[in-house]
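Participant: One line per chain: the protein sequences are A and B, in this order.
All letters in the first sequence, in the order written, are residues 1 to 172 by the numbering used here.
All letters in the second sequence, in the order written, are residues 173 to 297 by the numbering used here.
Source of the hints: derived by calculation from the structure; they are not laboratory data.
There is no bait here: all hints are sound.
With a straight-line Cα cutoff of 25 Å, these simulated SDA-like cross-link-like pairs (lysine to any residue) come out:
| no. | chain 1 | residue 1 | chain 2 | residue 2 |
| --- | --- | --- | --- | --- |
| 1 | B | K297 | A | N38 |
| 2 | B | K199 | A | V33 |
| 3 | A | K171 | A | S96 |
| 4 | A | K13 | B | T242 |
| 5 | B | K224 | A | H114 |
| 6 | A | K63 | B | E207 |
| 7 | A | K118 | B | D283 |
| 8 | A | K80 | B | N232 |
| 9 | B | K268 | B | T244 |
| 10 | B | K199 | A | Y75 |
| 11 | B | K297 | B | E245 |
If we take Cβ atoms under 7 Å as the criterion, some of the chain A residues that face chain B in the derived model are:
| no. | residue |
| --- | --- |
| 12 | N38 |
| 13 | G39 |
| 14 | L56 |
To be clear about the criterion: a stretch of chain B counts as covered by chain A if any three or more of its residues have a C-beta under 8 Å from a C-beta of chain A, and this derived list gives those stretches:
| no. | region |
| --- | --- |
| 15 | 193-205 |
| 16 | 244-252 |
| 17 | 287-294 |
Glycine included, C-beta positions come from ideal geometry on N, C-alpha and C.
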Amino acid sequence: MFAGVSFLSAQEKYITKAGEILFEASVPSFEEVKARNNGVSAILNPETGEFAALALIKGFRFKVALMEEHFNENYIESSKYPKATFKGIIKEFNISEISEVKKELKVIGVLNLHGVNKELELPLTVSQENDTLLLQLSFILKPEEFDIKIPKIVSSKIAEEVKVTADFSLKQ
Amino acid sequence: MTKRRRLLIAVSLLLMGGYFAYNYMYKDHRDISTETSKFEISAPYLLERFKKDDAESLLNATMSVDGIITQTEEGTVTLDSSVQCQLIDGSKGLVKGNKIVIKGRCIGYDDLFEVVKLDQGTIVK
Chain A
1 MFAGVSFLSA QEKYITKAGE ILFEASVPSF EEVKARNNGV SAILNPETGE FAALALIKGF
61 RFKVALMEEH FNENYIESSK YPKATFKGII KEFNISEISE VKKELKVIGV LNLHGVNKEL
121 ELPLTVSQEN DTLLLQLSFI LKPEEFDIKI PKIVSSKIAE EVKVTADFSL KQ
Chain B
173 MTKRRRLLIA VSLLLMGGYF AYNYMYKDHR DISTETSKFE ISAPYLLERF KKDDAESLLN
233 ATMSVDGIIT QTEEGTVTLD SSVQCQLIDG SKGLVKGNKI VIKGRCIGYD DLFEVVKLDQ
293 GTIVK
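Next up, chain A with everything else stripped away, as it sits in the complex:
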């Protein structure tokens, strides 16, 4: 259903290769735990509402270099699991109902992170600005649900709930 080739051959899909995902797991009074990736790929089929996104884990940048190193090497193991993907369908998606006003919808799909698949239903907003579709998501993930182990020694400095926001400006 989501084979790369079938996505590329059809011209009517909305796509981006420069979407943004930001996550934050900061705990008050400790060092900020926050990372950003500005090269996230995403595809939306406006006819069916099918949506897919892919983020390369090494593309997440932290303010503190050592934190980025630990994130990659110890927690998320980016050499073993180089990417996070989401594949799903936006429920009741109808391109003709999309306007400049943010429309609240839901997307149901499977998130693959750290080699673990998890089915999720996430709220999202969709709006249109000229020829660009804007998709925004904001949700919470728990590292333990993806078998990501945080050592005890730092666990007090990293929140158990990770706030994630994603922004995609998709064009045809």
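Mind docking chain B on chain A? Use the hints.
Facilitator: Below, chain B without anything else, positioned relative to chain A:
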């Protein structure tokens, strides 16, 4: 006197330890733009290496990639529809069809669009 000296040694050891610990915890990020490229490679060939699953040594490496600009999007440039690079200074002024060389860090393969991605890119020429 010896007590004072011991105290002095203890304090200076502590300070040194603190200095090294701080430097370790707050070491600088890699500066890709000043690193020497480990590889010089054409965009289509870089993609081929990933498609053949022969790219482990390329991950995280600083490399120079040459190719023809096929797309620019939000601060990124795509070469030969094979390699996409996030540029530190954005993609303004880049013209489709021009041949360029970029330097960046290889972060992996995007099988959704079948492109290799680089970040922290700068334009070499």
